[in-house]
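Novice: The chain contents come next:
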Amino acid sequence: MNLGIDVGNGYTKFNEGKFASKVKVGEIINFGKVKKENHQVEFEGTKYIVGEGASFTGDNRYFEKYYKLCLLTAISLSSKEDFIEVNLVIGLPEKKFKLLGDKLQKHIKSFGQQQIKVNDTLYNIRINDCLVFIEGAYPIKTEEEYNVLVIDNGAGTINVTQWEELAITTSASYNEGMNKMYADITSYLNANKEGADFKPSEIEKIINKKNVIIDNKETDISDIRPIVENHIVEIASYIKNDFKVKNASKIYLIGGGGADTITYWQKQFPVIQLVENSQMINQKIYDLVADSEFNEQ
Amino acid sequence: MSNRKSKPIPFNLTNKRDIKLLEYAEKQDIAFASYIKNLIEKDMVKQAEQVENIEKNYKTKIDEVELKNMLKKVLKELSIDKADEEIKTTNTQKSSIKSLLKNLNK
Chain D
43 MNLGIDVGNG
53 YTKFNEGKFA
63 SKVKVGEIIN
73 FGKVKKENHQ
83 VEFEGTKYIV
93 GEGASFTGDN
103 RYFEKYYKLC
113 LLTAISLSSK
123 EDFIEVNLVI
133 GLPEKKFKLL
143 GDKLQKHIKS
153 FGQQQIKVND
163 TLYNIRINDC
173 LVFIEGAYPI
183 KTEEEYNVLV
193 IDNGAGTINV
203 TQWEELAITT
213 SASYNEGMNK
223 MYADITSYLN
233 ANKEGADFKP
243 SEIEKIINKK
253 NVIIDNKETD
263 ISDIRPIVEN
273 HIVEIASYIK
283 NDFKVKNASK
293 IYLIGGGGAD
303 TITYWQKQFP
313 VIQLVENSQM
323 INQKIYDLVA
333 DSEFNEQ
Chain R
11 MSNRKSKPIP
21 FNLTNKRDIK
31 LLEYAEKQDI
41 AFASYIKNLI
51 EKDMVKQAEQ
61 VENIEKNYKT
71 KIDEVELKNM
81 LKKVLKELSI
91 DKADEEIKTT
101 NTQKSSIKSL
111 LKNLNK
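From first to last, the protein sequence lines are chains D and R. Everything in the first sequence is counted per the working numbering, starting at 43 for the first residue and increasing by one. Everything in the second sequence is counted per the working numbering, starting at 11 for the first residue and increasing by one.
Take every hint as true, because none was put in to throw you off.
Derived pair list, reagent style DSSO-like, types lysine-lysine, alpha-carbon separation capped at 30 Å: (1) K251(D) / K82(R); (2) K222(D) / K286(D); (3) K151(D) / K116(R); (4) K108(R) / K292(D); (5) K104(R) / K137(D); (6) K140(D) / K108(R); (7) K288(D) / K309(D); (8) K151(D) / K122(D); (9) K98(R) / K140(D); (10) K183(D) / K140(D); (11) K104(R) / K110(D); (12) K112(R) / K282(D); (13) K251(D) / K78(R); (14) K77(D) / K78(R); (15) K110(D) / K108(R); (16) K66(D) / K326(D); (17) K148(D) / K104(R); (18) K104(R) / K292(D); (19) K66(D) / K78(D); (20) K82(R) / K122(D); (21) K247(D) / K107(D).
These are calculated hints, taken from the structure and not from any lab test.
Extracted from the complex, chain D is given alone in its bound form (with noise of 0.2 Å):
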């Protein structure tokens, strides 16, 4: 089977779902309510928790172990045969892509065959073949030729890149993902909110709410906002500075963080547009990529 799966710094999303890209050694208990994007996953004689747990960020990442765990998961939980033989794409940003594309088409290619139980299930997976993409390629989605900009507001970088006739003109990565503006709003509110114990994982649920529990008192926190607005007007200096963004007919939104930074982003470019099911964009482009170049052979 061809698959695209998109392990991202904050999600891993396949075409069956996503889960968190969070790995911890351990079992789930199975007490009351167990959460949909967690998954038991024995592998090489140890037992994990993929979805929560620490996640793994960097240049690195991708070469190391739990990277490897939350892509033969996703593996897995895409298909319905228990061995499975995959023909896959994933992807880079694409100013890491030069830097890292053989290197980790390669590493990928040598994991050969693999045997993980996930969720009761033991599945042996074979990967014959693994192609490296590049992230934030939705003009090649929408066959849009002219020129165009497209913001991908992942949850560990911010990638941006400008096309035209289907080609990449300028690009660039920021290092002020969604995660960097988690921590900075946990250090706010745990520094002025009384009885505040807040984990930067903990931010994503609450970012666009005015009020929430803490303390067991209700807490207006709708003074994180500005927190957030600061944010966003920094990196779009930074693609004001770096990119023609006048020449672009088109500004799209991608990445997790998209759905709830819009607002904050049309404030910068009024004609900025939120692409439907945004944080998926990636996966979809790899699905389509995975069509292009495996079915060919």
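Once you've looked at the hints, dock chain R against the given chain D.
Specialist: Same frame as chain D, but now just chain R:
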């Protein structure tokens, strides 16, 4: 005007069913009229229960339909119901993917 209303129940003594019913009723330890009233009361309760059950089943069915529709909507929004959706690239997409890969690998 009398504050009582009587409803006589005739039994045909040549009809086997009527005889059976009459004999059975007369064997009861309560007055015939009270027996009939008890039977009517039981029937009323039974009818009400039936109506309630029909309404309950209907409501369950409606809830199921509503839940299914709601789930469909949520799945559609999350786009995770498209697992079996066929992925088909157009010729423009294919050629742009090829040329992009060629440029990236230069």
